[in-house]
Amino acid sequence: VLRWMKEYNLDGVDMAWPFPGVSYRGGSPRDKENYASLIRELAGAFEGKDLLLTVVVPLPEEFLDAGYDIPEISKHVDWINAQAYDLRGVWNGVTDVHTPLFSRSIDVGPQKTLNVKDGLARIVSSGAPKSKVVMGIAFFGRGFTLLDPAQHGLHALVNRDVPPHAGPFVRSNEVFAYYEICLNLKGNWKREFDEEGKCPYIYYRDQWIGYDDAVSIRHKINFLLQEGYRGVYVFNNDLDDFRGFCGETNILLKTINEGLNGNKNEVAASA
167 VLRWMKEYNL DGVDMAWPFP GVSYRGGSPR DKENYASLIR ELAGAFEGKD
217 LLLTVVVPLP EEFLDAGYDI PEISKHVDWI NAQAYDLRGV WNGVTDVHTP
267 LFSRSIDVGP QKTLNVKDGL ARIVSSGAPK SKVVMGIAFF GRGFTLLDPA
317 QHGLHALVNR DVPPHAGPFV RSNEVFAYYE ICLNLKGNWK REFDEEGKCP
367 YIYYRDQWIG YDDAVSIRHK INFLLQEGYR GVYVFNNDLD DFRGFCGETN
417 ILLKTINEGL NGNKNEVAAS A
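In this note's numbering, the protein residues as written are 167 to 437.
If you are wondering where the hints come from, they were derived from the structure by calculation, not from laboratory data.
Everything hinted at is true.
Computed cross-link-like contacts, DMTMM-like style, restricted to lysine to aspartate or glutamate with a CA-CA straight-line distance of at most 25 Å:
1) K283 x E238
2) K278 x E228
3) K278 x E358
4) K352 x D404
5) K198 x E227
6) K172 x E207
7) K420 x D177
8) K296 x D180
9) K241 x E393
10) K172 x D244
11) K241 x E227
12) K356 x D372
13) K278 x E362
14) K298 x D177
Label pairs and their calculated CB-CB ranges:
15) D244 x N175: 14 to 20 Å
16) V274 x G413: 35 to 41 Å
17) R196 x K172: 29 to 35 Å
18) N200 x N339: 32 to 38 Å
19) E393 x F359: 18 to 24 Å
20) S203 x K278: 32 to 38 Å
21) K172 x D244: 16 to 22 Å
Here a beta-carbon is modelled for each residue, glycine too, at the ideal position from N, C-alpha and C.
Input sequences plus hints: build the corresponding full structure.
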C-alpha cells in the first residue's frame, strides 16, 4: 500500500469493506477483530508519513455491530465516513427515499432509526467522537417501478419484477445521477418533498425516484453544523450536474460548500 501511494502521489487510503462479520454475505465472526487489527497496523505504517487513513462505516445497526469495532477503529483513523445513503431500496418492496434525514411517521420496526440522524448518533454511541464522524451525501437517486401509477407517494407498492427505465447517461436500472434526475424534471415528471424526512422524490407514470437535491442538502448541512459532526463527503462527485444541464454547474457541491462556508467542517469529494 505504501509503495502504491508513493508511486501515484496519493494522500491516503479510505478503507471500505461492505460488510465484515455478516454471515449471509460470506463474513466470519472473526472479521470484526481482524478488520480493527488491519486498520491498527495500517495506522502504524502511516505514522510520520503525512498520510490520511479513513474508513467507511454503514449506518444499519445489523452491519455496524457485526463488523466494526468503533472504539478501536476511532483511535487509529483520521475520520470515519458514515455511509448515510442506500438506506432504502427496491428490496423493501415499497417506494422510499434512500437518504432520509429524520425518522418519519410511516417508518416501522428497524426503519424507525434507519435514517441519517439516528445512524450518525449510533456510530457515536458505539464509541466514535463526533469530531471524527463525516456524513456521506449521495449525488444519486434510487429508482422504482410502481405497481399502480395512481399510487405514487411514499411507501407505494412497487413491481420488483420490472426494473425502472435506465437513465440516458449512467444507463443503470437501479441508480440515477442527479443530472439525469434534474433532466427528468425539465420534462413531465412531478416533484414532491417529504417534509418529515426532508428529502424529495419525483414520479412519472409508473416510474419513481428518490434522491437528494439542493433543498434537502441544505437541511443536512444545517443538521450537521448544529450537531457538531466533522464534515461531509460526497458519493460521487461526477454525478452532480457538472455540465449545467439544468442550470448552474455543480449545484450540489456548491450548496455543500456554501452551507459550510466560514465553518471548520470539511468537504471531501469521492471520485
